[in-house]
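Produce the complete structure using the sequences and hints provided.
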Amino acid sequence: MRLLFIFVITALLYWPSFIIFALVLFRQKIQKYKTKIIISSFLMAVVTLLVQSNPYPVLITIIQPLCLILCMLLVFKFRILIAILMTVLTYNLSYLLEVVLNAILTRFSTADIIAALQDNVIFPAFVLSFFNIIFCLLLYKSRLGFSLSNVHFSRRKSGRLFQKKMYLPLMISLFALSTGRLTIYHITHLVFLDVFVLLVLFIYLIKELYHNELHED
Numbered sequence: 046m047r048l049l050f051i052f053v054i055t056a057l058l059y060w061p062s063f064i065i066f067a068l069v070l071f072r073q074k075i076q077k078y079k080t081k082i083i084i085s086s087f088l089m090a091v092v093t094l095l096v097q098s099n100p101y102p103v104l105i106t107i108i109q110p111l112c113l114i115l116c117m118l119l120v121f122k123f124r125i126l127i128a129i130l131m132t133v134l135t136y137n138l139s140y141l142l143e144v145v146l147n148a149i150l151t152r153f154s155t156a157d158i159i160a161a162l163q164d165n166v167i168f169p170a171f172v173l174s175f176f177n178i179i180f181c182l183l184l185y186k187s188r189l190g191f192s193l194s195n196v197h198f199s200r201r202k203s204g205r206l207f208q209k210k211m212y213l214p215l216m217i218s219l220f221a222l223s224t225g226r227l228t229i230y231h232i233t234h235l236v237f238l239d240v241f242v243l244l245v246l247f248i249y250l251i252k253e254l255y256h257n258e259l260h261e262d
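With my numbering applied, the sequence shown covers 46 to 262.
To be clear, the hints were calculated from the coordinates, so they are not data collected in a lab.
Treat the hints with care, since some could be wrong.
[Unchecked claim] With a cut-off of at most 30 Å between alpha-carbon atoms, the simulated DSSO-like pairs for lysine-lysine come out as follows:
| hint | residue 1 | residue 2 |
| --- | --- | --- |
| 1 | Lys252 | Lys122 |
| 2 | Lys252 | Lys209 |
| 3 | Lys81 | Lys122 |
| 4 | Lys210 | Lys122 |
| 5 | Lys209 | Lys81 |
| 6 | Lys186 | Lys79 |
| 7 | Lys79 | Lys122 |
| 8 | Lys210 | Lys252 |
| 9 | Lys77 | Lys122 |
| 10 | Lys252 | Lys74 |
| 11 | Lys186 | Lys74 |
| 12 | Lys252 | Lys186 |
| 13 | Lys210 | Lys74 |
| 14 | Lys186 | Lys122 |
| 15 | Lys252 | Lys77 |
| 16 | Lys122 | Lys74 |
| 17 | Lys122 | Lys209 |
| 18 | Lys209 | Lys74 |
| 19 | Lys186 | Lys77 |
| 20 | Lys186 | Lys81 |
Take a look at the structure:
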């Protein structure tokens, strides 16, 4: 019953809000992608179900980001840089928020934070979905976000250099995300180092994207 509930929540709430946030972050019109959002949400919910039913929960942050990148590539037909950017930024923010949420709920007790990260699934999915929706509304109302053309299709030399510069921090971010659950379950003394690395990389990526946006405009 628990796995069925997780599937329903992730298919109908978490993954749709997650994917829509990724699209809105790059100023995409949601109506254009309604069918693709539904397909991708269902596929990612199936992946979540399979991972949650697996005796090795460390697979969550290894398999899910890779599957989301594949959805962005194969379902949405985005290019590789955009697919990785969307996945890394949204996943990174989601994981950081999950850590902050559990820290608040456990009153910043280190052992309890790690235990909550290991065990809690359904409640964080609800809360993170709520935050995704709030972020979407804020981005839409404020017209903030990044242009796909500025990120990937620039013909300027500076634009090409920007694209090359982004790959290394993106790969490091993917690695840090993939090792997130590994530290939570097996190397607990490195959990907050991993969180710190992800926070620094998230700030760096946002800064570089906005710098490129202003430069291209």
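So, going through the hints one by one against the coordinates:
1. Lys252 - Lys122: Within the cut-off at roughly 26 Å; holds.
2. Lys252 - Lys209: Within the cut-off at roughly 16 Å; holds.
3. Lys81 - Lys122: holds, 10 Å
4. Lys210 - Lys122: holds, 23 Å
5. Lys209 - Lys81: holds, 29 Å
6. Lys186 - Lys79: Given pair Lys186, Lys79 holds - Cα atoms ~20 Å apart, limit 30 Å.
7. Lys79 - Lys122: At roughly 14 Å apart (the allowed maximum being 30 Å), Lys122 and Lys79 satisfy the hint.
8. Lys210 - Lys252: holds, 13 Å
9. Lys77 - Lys122: Holds, because 13 Å separates the two Cα atoms, which is no more than 30 Å.
10. Lys252 - Lys74: With Cα atoms ~24 Å apart, Lys252 and Lys74 stay inside 30 Å; holds.
11. Lys186 - Lys74: At roughly 13 Å apart (the allowed maximum being 30 Å), Lys74 and Lys186 satisfy the hint.
12. Lys252 - Lys186: holds, 21 Å
13. Lys210 - Lys74: holds, 28 Å
14. Lys186 - Lys122: holds, 26 Å
15. Lys252 - Lys77: Distance ~28 Å between Lys252 and Lys77 Cα, so the pair holds.
16. Lys122 - Lys74: With Cα atoms ~15 Å apart, Lys122 and Lys74 stay inside 30 Å; holds.
17. Lys122 - Lys209: The hint holds at about 21 Å.
18. Lys209 - Lys74: Satisfied, since the Cα-Cα distance of roughly 27 Å is no more than 30 Å.
19. Lys186 - Lys77: holds, 19 Å
20. Lys186 - Lys81: holds, 24 Å
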